[in-house]
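K.L.:
Sequence:
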Amino acid sequence: MTTVAFTPGTEARFAVARHVADAVLFEGYVLYPYRASAAKNRLRWQFGVLVPPSWSAAAEEHDFQHTECLIEPRTGAELAVEVRFLRAQRRTVEELRADGTFAPTTELRLPDRVLVAWDEGVEERVALVVPVGELAGDGTTLPFTRPAAEETEDVTDADGRVLGRLVRRREEISGNLRISAADLDGPYRVQRLSVTVENTSTWTAEPGGDRHAALPYSLVATHTLLRLDGGSFLSMTDPPEWAKGAIATCRNLHTWPVLAGEPGRDDLMLSSPIILDDHPAIAPESPGALYDATEIDEILALRTAALTDEEKREARGTDARAAAVIDLADTMPPEVLERLHGAVRSLQSVTGPKEPARDILEPDTPWWDPGGDTGVDPGRDHVLVDGHAVSAGSRVVLRPGLRRSDAQDLFLDGRAALVEAILHDVDGGVHIAVTVEDDPGADIRREQGRFLYFQPDEVEVAGDA
1182 MTTVAFTPGT EARFAVARHV ADAVLFEGYV LYPYRASAAK NRLRWQFGVL VPPSWSAAAE
1242 EHDFQHTECL IEPRTGAELA VEVRFLRAQR RTVEELRADG TFAPTTELRL PDRVLVAWDE
1302 GVEERVALVV PVGELAGDGT TLPFTRPAAE ETEDVTDADG RVLGRLVRRR EEISGNLRIS
1362 AADLDGPYRV QRLSVTVENT STWTAEPGGD RHAALPYSLV ATHTLLRLDG GSFLSMTDPP
1422 EWAKGAIATC RNLHTWPVLA GEPGRDDLML SSPIILDDHP AIAPESPGAL YDATEIDEIL
1482 ALRTAALTDE EKREARGTDA RAAAVIDLAD TMPPEVLERL HGAVRSLQSV TGPKEPARDI
1542 LEPDTPWWDP GGDTGVDPGR DHVLVDGHAV SAGSRVVLRP GLRRSDAQDL FLDGRAALVE
1602 AILHDVDGGV HIAVTVEDDP GADIRREQGR FLYFQPDEVE VAGDA
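Counting in this note's numbering, the sequence shown runs from 1182 upward without gaps.
It should be emphasised that the hints constitute simulated quantities derived from the structure, not laboratory data.
One should not assume that every hint holds.
[Said to hold, decoys possible] Straight-line Cα separation of at most 25 Å, SDA-like style, residue types lysine to any residue; simulated pairs:
id : residue 1 : residue 2
1  : Lys1425   : Leu1396
2  : Lys1221   : Val1303
3  : Lys1221   : Arg1484
4  : Lys1221   : Leu1509
5  : Lys1425   : Ser1375
6  : Lys1221   : Arg1327
7  : Lys1425   : Ile1456
Go ahead and model the full structure; you've got the sequences and the hints to work with.
P.N.:
Quick look at the structure:
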């Protein structure tokens, strides 16, 4: 067993998986509008948080993750393991007084940013390489500790004059990484691999304490990368028929393992607190990390660019990663933003001689050609509603149907709306695109072509139509 750096081959393979693992590590790290004062940024660290045992008992949060999966190791194979997590580093702000001492303050205002108290995430890593043959029985346990630390950073103006300072404190945390493997009965050389990551920090929750006090002693966004240098992992979601029974008996608690890296390869596994499909990947159009859940890049980029100058100042002072998001949105070229709009991956060429599958249409082939399809015209088509022709420009009253509406649609019951277009889908369905009357954002949605959609039996013709 060794805790030294990985071999170049293993490091290269892990680098492939870290593209997605980084998204797991920072999922929800700071949410739009990327300001500490925003309500949604006051309750943070929601995924993969392993709290100290004392807080786990008090608040019913978890102090461990347990992964089980099946491996087919070759003779002499080694298992490389990398546990990754964030450490909550508590940052406070102090201002310089006239007498030369520093005193805590709620904010420190600078021309380009507003500094406030904030918990920063510090990346941590626990690495291990062990021969699979040494994992029988109780396997191996690797204890790890990260010591407490305190750092200060002077805050200066444009002339270099000290205005205050940032104080960053990290508390001591400790944990265990436990790994074992057991042979399974049957004709195949298959083993069940077990990996447990646990927080063993000795911090004690005080009566009446809260989660905020426990976070500096927690392992945040914890996930595990696994690599076999000889052999393969079996998919937990699409295993071979002979392995389905054994897969069903695997216990995965507070995490879920999926094959990582390129499709077609099975030497990498990512065990994540966020459920993913096998071989997850970051969209190639994504211009950079935006940290907000599910990364709706186009909407987030547009909204972030539209923040006021004061909001951007506060975001830049909240966190270095938030500042990078603001700079990304402010400097994004139009061609990059254009790539985020309407990416299609599921269409394949189906005519002509059989060729390898392609994930995009042939060059210069539009997905729909209005000039070549004269059977539909969204701006002029109509549909009958209670015997009345409804088309673009008609006024209707919305009556969302319970069987196919979400909660947000139901809030629109009885609202008057303007019909913008009548749309037909490839299955013969008819959809009425509308904007709600008295909606202050209707003009913007109309310019962007973003409407609400209802079916003919979900609207009534307005009385004055």
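K.L.:
If a hint holds in the structure, say so; if it does not, say that too.
P.N.:
These are the hints, each one checked on the structure:
| no. | hint | result |
| --- | --- | --- |
| 1 | Lys1425 <-> Leu1396 | violated (39 Å) |
| 2 | Lys1221 <-> Val1303 | holds (21 Å) |
| 3 | Lys1221 <-> Arg1484 | holds (16 Å) |
| 4 | Lys1221 <-> Leu1509 | holds (21 Å) |
| 5 | Lys1425 <-> Ser1375 | holds (17 Å) |
| 6 | Lys1221 <-> Arg1327 | violated (29 Å) |
| 7 | Lys1425 <-> Ile1456 | holds (19 Å) |
Violated hints for the displayed structure, listed by number in ascending order: 1 and 6.
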